[in-house]
Every structure is written in structure tokens, then in C-alpha cells.
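J.: Sequence:
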Amino acid sequence: MPIVPKHRWLMQVYAQDVLSRLGEVKASITSLSGQVLKLDSTKKIVRKLAGSARSTAAWATNVGNEFGQVIMSVLTASEGWGLAKMAEGLVNRYKQANIAPPRVLYTDRDCCKNSHLHKIFGGWPNLCIRLDVWHFMRRIAVGCTTDSHPLYSGFMAQLSRCIFVWDQSDLQRLIEAMRAELEACHLHPSDDDVRKSITKKEMQLHCKRAVRPAAEMEVMLGQLLAAYDGGRGCNSLGVPLINSARMKEIWKAQRRHIPCLQDPPGFQLYTQTGTVTKAGHVLPTYRCARGSTSLENFHLHMNRFIPGALQVGKVQHNGQTATESVKAFLSGSVVNTKEHVVLRE
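So for the sequence shown, this note's numbering puts the first residue at 1; every next one is plus one.
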């Protein structure tokens, strides 16, 4: 029976394979760019550093584009000014490739005008830095006593409604298509029945949405917090959803970030990727570039990829993302067994 190689031998062979195609790997990553960048940091990866590299970094920071691809990853001892060299490298990459600078950068912190990010990305003076909505919502959710509270899911759903507003023309088009589909099944649904039959996934696929104006959002968020505060937000056992003292401090600190959530003026965050025919009604399908949550998938990928070469992990992730989104969009052909799909060539 042949002897099974030990893990050290396998890792050595793997490392030699990576080194043999390192130039191709680097070229694949540095050739990527985008008009909407997303920046997010995680500590999960650096906790796995071992040996001499242990405790040499505190953050793993990644930059992605609107297609979900990762265009840069760095390990740093700190955020803020610790990302200066990374920012300089990105600015030089765009400049050397003669590519127009990105228009928007979504981040999980340092979004205000006097923050470090505005200074280290000074090479892009017209760059709009925006706070990711998901991270903002998570900050507000810290004021809740527990996420297992029966009112928690409803509170978070209403929190999202206070921030976003759906495009009425897209929504009406989807409602008409869903009504026609239900009537084709010999049903006579009411308006409420039609709306309840529309799933969240269908809404996100066929309807655009925009961030509410800052003044309107601040009023609605204040009313929402007041509605769930005190005895009005208690369950049947008298346990409150909101920790009043903690939420008061959180709201005081976070309300100044509401302008940082606004959509960049004059920039289209939605791209129509095709159309879907539902019960004779043609519905557009959209891809949204807003937010930095697409990087959370890469953080999971990195965590599972260890042990392995970071650059190779990025290339694999970008390849999977390109197969799922970019390649489908550019090729103009997607197979859907449930509905008829037509994509623009």
C-alpha cells in the first residue's frame, strides 16, 4: 500500500504551485477595478495567524467592487491611517491604468467628512464616502435587549422601511404581474393578498429602492424608537425590547450619521440585467451596487480557505463571482427553468 503524504509535504507542493503562477495570480487581481468600491474589515482572519506571524496584525481589510469581486486585501495593525498605503496603491492603480476614479466608496466606519478615509483617499477629491446601511442598522440593534425577543424581527423590518423607500412604478408593475398570475390560477385576490404573495426576494430582484431624505428618515426613526420604547415594546412576560438608557445614547451618537447613508447624487446604483416574463407581464431584473455586505461573503470564504495562499483565495472567489454575475450579464444568456428570462445583449 502506498504511503499517504503528510500534510507538510502537501503544503510544500501547494506553495510551489502557487509560486509557479504567482505572476498570473497578481495580474488577475490588479487588473480589476470598479466605479463603486466597498471597504470592510474583519478580525476573524487575523486570529488564525500562527507562528512568527502571530499578533502581527489586528485587522484584515478588503476592498471590493460593485460586481462582488475583491480588488485588494491587506493585513494591518490598525484601521484609519493604517490603510494609507492601501489607499495610495488603489489610487496609483487607477491612475496607471488610465481608469476613471470610482464615484462611491461604502464603508463600515469613518464615513464623516472629517474622517481619516477622506484624507487618505485625497487623490480622489470627488469620491463620495457613504456608510453601509446594514452596519448602521446593526448599531441601532445593539440597543435591543435580545434578538430573540418576539418583537425584534418586526422592529428590524420597520427600521428598514424607515431607511428605504421602494420605487412605486417598479412596485406597481410587480403587483400587476402577481395579480395576473394569481388570477390565472382562478383566484380572486384582494390587494392585501397580492402584496402578501410577493416575496422579499422578488421585491429585491424586480424593484429599485432609494434611501429616504435625511430629514424624513430622522423623523421616522425617532418615531419608531419611541413606539417600541418602554411598556409599549414589552412581550407577554413584561420584558422590554429596547434598553431605554442604552438606546438613548446610541441614537444620540448615530443620528449624525444619517446624512452619510444618503445615495450619491447623480449616480445610478442600479443596473438592469435583463427582463422576466410573469403571467404576460414583462418585469425588469436589477442588480444593486449599494452597500458593502457583499464583502461578508468573502470574509467567510477567507475563513474557510485557511490554510492557503491569500492571493489564490481571492482569485478563486473572484472567479466564482464572475461566473455567477459578471459573465452572465455580459454573455446575455441565462437559463431559468421556472420563468422565461431575456437578457440584454
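Don't read these hints as lab results, they were simulated from the structure.
Take the hints with a grain of salt, since some may be wrong.
Cβ-Cβ distance ranges computed for the label pairs, FRET-style [stated by the list, open to error]: (1) LYS6 x GLN96: 41 to 47 angstroms; (2) VAL13 x SER52: 20 to 26 angstroms; (3) GLN268 x ARG232: 24 to 30 angstroms; (4) ALA215 x LYS43: 49 to 55 angstroms.
We treat Cβ as the ideally placed atom computed from N, Cα and C, and that holds for glycine.
J.: Run every hint past the structure and note whether it holds.
T.: Verification of the supplied hints:
no., hint, result
1, LYS6 x GLN96: 41 to 47 angstroms, "holds, 44 angstroms"
2, VAL13 x SER52: 20 to 26 angstroms, "holds, 22 angstroms"
3, GLN268 x ARG232: 24 to 30 angstroms, "violated, 40 angstroms"
4, ALA215 x LYS43: 49 to 55 angstroms, "violated, 36 angstroms"
In this structure, the earlier hints numbered 3, 4 are contradicted, and the remaining ones agree with it.
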